[in-house]
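Asker: Line by line, the protein sequences give chains W and F. Take 1 as the starting number for the first sequence in my numbering and just add one per residue. Take 1 as the starting number for the second sequence in my numbering and just add one per residue.
Don't read these hints as lab results, they were simulated from the structure. Values in this document were obtained by computation on a predicted structure and should not be read as measured data. The reader is advised that the hints may include incorrect statements.
Unchecked claim - No more than 30 Å apart at the CA atoms, straight line, and that leaves these computed lysine-lysine pairs for DSS-like:
#  : chain 1 : residue 1 : chain 2 : residue 2
1  : W       : K287      : F       : K133
2  : F       : K226      : W       : K268
3  : F       : K79       : F       : K48
4  : F       : K16       : F       : K225
5  : F       : K220      : W       : K287
6  : F       : K210      : W       : K287
7  : F       : K220      : W       : K268
8  : W       : K18       : F       : K48
9  : F       : K181      : W       : K231
10 : W       : K268      : W       : K287
11 : F       : K29       : F       : K15
12 : F       : K48       : W       : K268
13 : W       : K18       : F       : K16
14 : W       : K186      : F       : K129
15 : W       : K268      : F       : K210
16 : W       : K18       : W       : K231
17 : F       : K181      : F       : K225
18 : F       : K67       : F       : K15
19 : W       : K268      : F       : K79
20 : W       : K18       : F       : K111
21 : W       : K268      : F       : K225
22 : W       : K202      : F       : K220
23 : F       : K111      : W       : K186
24 : W       : K186      : F       : K133
25 : W       : K268      : F       : K133
26 : F       : K15       : W       : K287
27 : W       : K287      : F       : K181
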Amino acid sequence: MRNIVIGQYLPGSGFFYKMDPRTKIMGVIIMMVAIFLLETIVQLAIALAIGIVLMILGRLSIIRIARGMRPLFVLLIFTFFFQILFNREGELYLQESMTVSLSSIGGIILLTIIWRLLARFKRFRFFLLLAYLVGIFFAFSLLTYGYTFTTFTFSIYERGVEMSVFVVIRLLVIITLSTILTLTTKPTDLTQGLESLLRPLKIIGIRSEDFALIISISLRYIPTILDEANKIMAAQASRGADFQQGKLKDKIRQIISLLVPMFIIAFKRSEDLADAMETRNFVPGMKRTRIHELAFNMTDAFASLFILCSLAASIVLRVL
Amino acid sequence: MSYIEIKDLSFSYTKKRQILKNIGINIEKGEWIAILGHNGSGKSTLAKTIVGLLEPGAGSITVDGIKLDQDTLQSVRRKIGIVFQNPDNQFVGVTVRDDIAFGMENLCVPKAEMLERIEYFATKVGMEKFLDKEPASLSGGQKQRVAIAGILAMQTEIMIFDEATSMLDPYARGDLMEHIKKLHNEGLTIIMITHEIEEALLADRLVIMKDGAIFADGPKEELLKKPDLFQGSALELPFSLRLANQLTGAGFEEVRGYLWESAFRK
């Protein structure tokens with residue numbers, strides 16, 4: 001429960017930091033549309049290259065961004081294999097007959113056990129997964145001994161390879177875009193930007209200010225409530241509760257015994273907080289001034305120009 | 001007419017049990033008054049009624065000539081600020097700066113003036129170096145001082161402390177009391193709700209509450225002459241008074257009643 005980082009904001013000073021959060025949010029959305037308009041790997045690769053150049057100019061650490069993407073690698077691998085396996089257009093690149101036999105199933109079980117045993121080396125998780133998948137391929141193609149249940153053919157086509165590379169690069173570019181946004185914008189600024197952008201929703205009776213306030217108060221109370229949870233866990237542990245071991249049923253009971261006091265305390269807190277806000281003249285829906293006012297600057301103007309040019313370029317490429 | 005007039009004030013959550021019974025207190029501008037009472041005596045309910053968080057069943061509250069009701073609620077709250085017991089549960093902002101600004105934002109103070117006032121009042125409570133800090137990195141005493149700065153920045157004239165020191169350690173408690181003294185000397189009207197007799201003795205006037213009613217009200221020098229009042233309302237006698245009583249019992253006839261500092265100067 002300790003060391004929880006909310007958002008992934010990293011203090012810095014490049015031009016991404018100087019931009020108004022609204023420009024960044026709108027920019028990410030428009031750029032995503034632009035990326036989806038691109039049709040060839042070459043175009044996408046150029047987009048990725050431009051993105052990397054921008055990150056270098058903006059003094060962002062590419063390693064840091066790559067690290068932030070790690071949890072999404074599984075998704076990338078899945079998309080990659082999905083495209084390779086199921087896209088059957090174009091020239092045939094590789095055809096391999098696969099056997100589901102006693103030996104191949106045994107081999108796969110052995111591979112799975114080894115993979116799980118090595119899973120504690122978290123650093124190499126990605127490579128282990130790759131090795132595991134390759135291992136499964138060879139187990140099916142080479143281990144033909146023993147009783148054979150069925151056979152199938154594994155084939156890779158030109159279009160499959162193309163599409164898998166295309167889709168993976170596209171995903172990478174999109175994830176990079178949103179990572180730049182969250183890495184260079186404080187959660188509070190992000191909230192305020194969203195609030196400002198969603199203000200037109202007032203017409204249909206949704207007040208974005210309320211949501212923004214709720215989010216910013218939630219952000220402010222997350223550490224406090226985590227602290228509280230640690231205290232309650234310590235108090236329960238001192239009376240013999242065990243949060244680490246035990247059967248699933250016991251664990252669920254422990255979590256309930258933690259949640260009940262947490263909820264009671266949270267309700268008490270929110271009541272007190274409402275009192276404190278009310279006595280400081282807060283009236284929901286009333287006009288307020290803001291200490292943090294969002295303002296567009298020259299960086300925003302340049303960024304907007306760049307974003308719109310990119311969109312225009314993609315549209316032109318698509319139409320031609 | 002007094003600055004704050006509380007007249008025949010009653011309050012109850014249910015019909016059976018009256019929390020406040022016919023409370024009547026007049027408070028003058030610049031006065032420092034301590035409302036003293038045991039747990040459940042109704043003192044915090046009284047505080048919440050004065051700032052309009054609870055609506056009284058009967059009676060009236062008038063602040064600086066404005067009678068408190070639904071229409072005047074906001075203008076009365078501009079005059080009265082309240083610091084609550086739990087330092088964590090009244091910190092609205094993500095940083096110290098944001099929290100001090102919160103009240104002013106609600107009052108539509110222009111940004112430039114807000115920044116000026118934040119600087120000024122943060123310095124006043126000794127928090128000027130912490131403006132960009134998050135509440136998680138502040139101590140309880142520091143959070144209470146931020147709360148005070150936030151209220152002062154709204155230019156209130158009356159400040160209520162609702163057991164504001166009860167969750168603090170002794171050092172932070174002393175420190176906060178020093179800040180309250182300073183504010184009082186600058187002309188702020190102070191209402192301190194507490195069950196700590198030693199803390200209450202810093203005020204000019206004591207109001208003792210018992211079971212939802214006023215049990216005693218007067219200058220502290222007067223009330224200290226009647227130790228029965230404290231014992232009768234389930235309060236501990238001040239240490240100095242207990243000491244004096246023991247000395248008298250041990251034959252030191254010249255020591256009688258509460259030992260004021262002046263008693264030692266002879």
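Asker: Please name the hints from earlier in the document that this structure breaks, with their numbers sorted from lowest to highest.
Answerer: 2, 4, 5, 6, 7, 8, 9, 11, 13, 16, 21, 22, 26 and 27
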